[in-house]
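Residue numbers (UniProt numbering): 1 to 117.
Warning: the hint list may mix true and false statements.
No farther apart than 20 angstroms at their CA atoms in a straight line, the calculated lysine to any residue pairs in the SDA-like style are these [to be verified]:
1) 23 - 34
2) 77 - 42
3) 19 - 75
4) 59 - 45
5) 19 - 76
6) 19 - 30
7) 79 - 24
8) 79 - 53
9) 38 - 27
10) 77 - 63
11) 77 - 54
12) 23 - 33
13) 59 - 43
14) 77 - 89
15) 74 - 27
16) 85 - 96
17) 59 - 69
18) 38 - 88
19) 59 - 40
20) 59 - 76
21) 23 - 66
22) 79 - 33
23) 85 - 98
24) 74 - 60
25) 38 - 56
26) 74 - 52
27) 38 - 53
28) 23 - 59
29) 38 - 80
30) 38 - 63
31) 38 - 87
Worth flagging that the hints you see were computed from the coordinates, not collected in a lab.
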Amino acid sequence: MGWFTNRKPIDDQTKPLSKASRKQCWDSRDSFFACLDKIGVENALDPENAAQIQTHCAKQESTFNNDCATSWIKYFKEKRVVDIKRERMIAKLESEGAQRVDLGYVGSAATPPSHRK
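Based on the provided sequences and hints, a complete structural model is requested.
Take a look at the structure:
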């Protein structure tokens, strides 16, 4: 580590994260995102929301930032926005009469039929 780095031990990519530390990160993320939901903030990366987040969710955000790798924090915040937009689009389409089609393997851990032996 250099003199001016602000890296956390959890950011050390030479050591895999334990199951317990991953769970702690996910729990902290869920707590922070629940707080964001309560105050109606979707995008935690938007500077316009910073004051509201600091006022209402500072403790949860601090815990999230301490419990998760830096790269995960940005990823989770970006994914939250994408997931919210996706769910809105699905709800809009369903309200217009669209129906979900279950392809059986898309979005799941299952192997697509074309790759099965």
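Hints and how they fare:
1. A threshold of 20 angstroms between alpha carbons decides the hint, and for residue 23 with residue 34 the separation of about 16 angstroms falls inside it, so the pair holds.
2. Distance hint between residue 77 and residue 42 is fulfilled; the C-alpha atoms sit about 9 angstroms from each other, no more than 20 angstroms.
3. Among the hinted pairs, residue 19 with residue 75 is consistent with the structure: their alpha-carbon atoms are about 19 angstroms apart, no more than 20 angstroms.
4. Pair hint residue 59 plus residue 45 holds up; C-alpha atoms about 17 angstroms apart against a cutoff of 20 angstroms.
5. With a C-alpha separation of about 18 angstroms, the suggested pair residue 19 and residue 76 falls inside the 20 angstroms cut-off, and the hint holds.
6. A threshold of 20 angstroms between alpha carbons decides the hint, and for residue 19 with residue 30 the separation of about 16 angstroms falls inside it, so the pair holds.
7. A hinted pair counts as satisfied when its Cα atoms are at most 20 angstroms apart, and residue 79 with residue 24 qualifies at roughly 18 angstroms.
8. With a C-alpha separation of about 18 angstroms, the suggested pairing of residue 79 with residue 53 holds against the 20 angstroms cut-off.
9. At roughly 17 angstroms between alpha-carbon atoms, residue 38 and residue 27 fall within 20 angstroms of each other, so this suggested pair holds.
10. Restraint check for residue 77 and residue 63: the C-alpha separation of about 14 angstroms stays at or below 20 angstroms, so the hint holds.
11. Between residue 77 and residue 54 the CA atoms are separated by roughly 15 angstroms; this keeps the pair inside 20 angstroms, and the hint holds.
12. With a CA separation close to 15 angstroms, the supplied pair residue 23 and residue 33 stays within the 20 angstroms bound.
13. The straight-line distance between the Cα atoms of residue 59 and residue 43 is roughly 18 angstroms, inside the 20 angstroms bound, and the hint therefore holds.
14. Our distance criterion of 20 angstroms between C-alpha atoms is met by residue 77 and residue 89, whose separation comes to about 19 angstroms.
15. Taken as a hint, the residue 74 and residue 27 pair is honoured in the structure, with Cα atoms around 16 angstroms apart against an allowance of 20 angstroms.
16. Restraint check for residue 85 and residue 96: satisfied, since their Cα atoms lie roughly 17 angstroms apart, inside the 20 angstroms limit.
17. Straight-line distance between C-alpha atoms of residue 59 and residue 69 comes to about 17 angstroms, which keeps the hinted pair within the 20 angstroms bound.
18. Between residue 38 and residue 88 the alpha-carbon distance is near 18 angstroms, which keeps this suggested pair within the 20 angstroms criterion.
19. For the hint pairing residue 59 with residue 40, the CA-to-CA distance comes to about 17 angstroms; that is within 20 angstroms, so the pair holds.
20. Distance restraint check for residue 59 and residue 76: the Cα-Cα separation of roughly 17 angstroms lies within the 20 angstroms cut-off, and the hinted pair is therefore satisfied.
21. Pair hint residue 23 plus residue 66 holds up; C-alpha atoms about 13 angstroms apart against a cutoff of 20 angstroms.
22. A C-alpha spacing of about 11 angstroms is found between residue 79 and residue 33, which places the hinted pair at or below 20 angstroms, so the restraint holds.
23. Of the pairs offered as hints, the one joining residue 85 and residue 98 holds, with about 17 angstroms between alpha carbons and a cut-off of 20 angstroms not exceeded.
24. Between residue 74 and residue 60 the CA atoms are separated by roughly 15 angstroms; this keeps the pair inside 20 angstroms, and the hint holds.
25. Of the pairs offered as hints, the one joining residue 38 and residue 56 holds, with about 9 angstroms between alpha carbons and a cut-off of 20 angstroms not exceeded.
26. With a C-alpha separation of about 19 angstroms, the suggested pair residue 74 and residue 52 falls inside the 20 angstroms cut-off, and the hint holds.
27. Between residue 38 and residue 53, the direct Cα distance comes to roughly 11 angstroms. Compliance with the 20 angstroms bound is thereby established for this hinted pair.
28. Between residue 23 and residue 59 the CA atoms are separated by roughly 18 angstroms; this keeps the pair inside 20 angstroms, and the hint holds.
29. Among the hinted pairs, residue 38 with residue 80 is consistent with the structure: their alpha-carbon atoms are about 15 angstroms apart, no more than 20 angstroms.
30. Between the alpha carbons of residue 38 and residue 63 the distance comes to roughly 17 angstroms, so the proposed pair stays at or under 20 angstroms and holds.
31. For the given pair, residue 38 sits about 18 angstroms from residue 87 by alpha-carbon distance, which is consistent with the 20 angstroms threshold.
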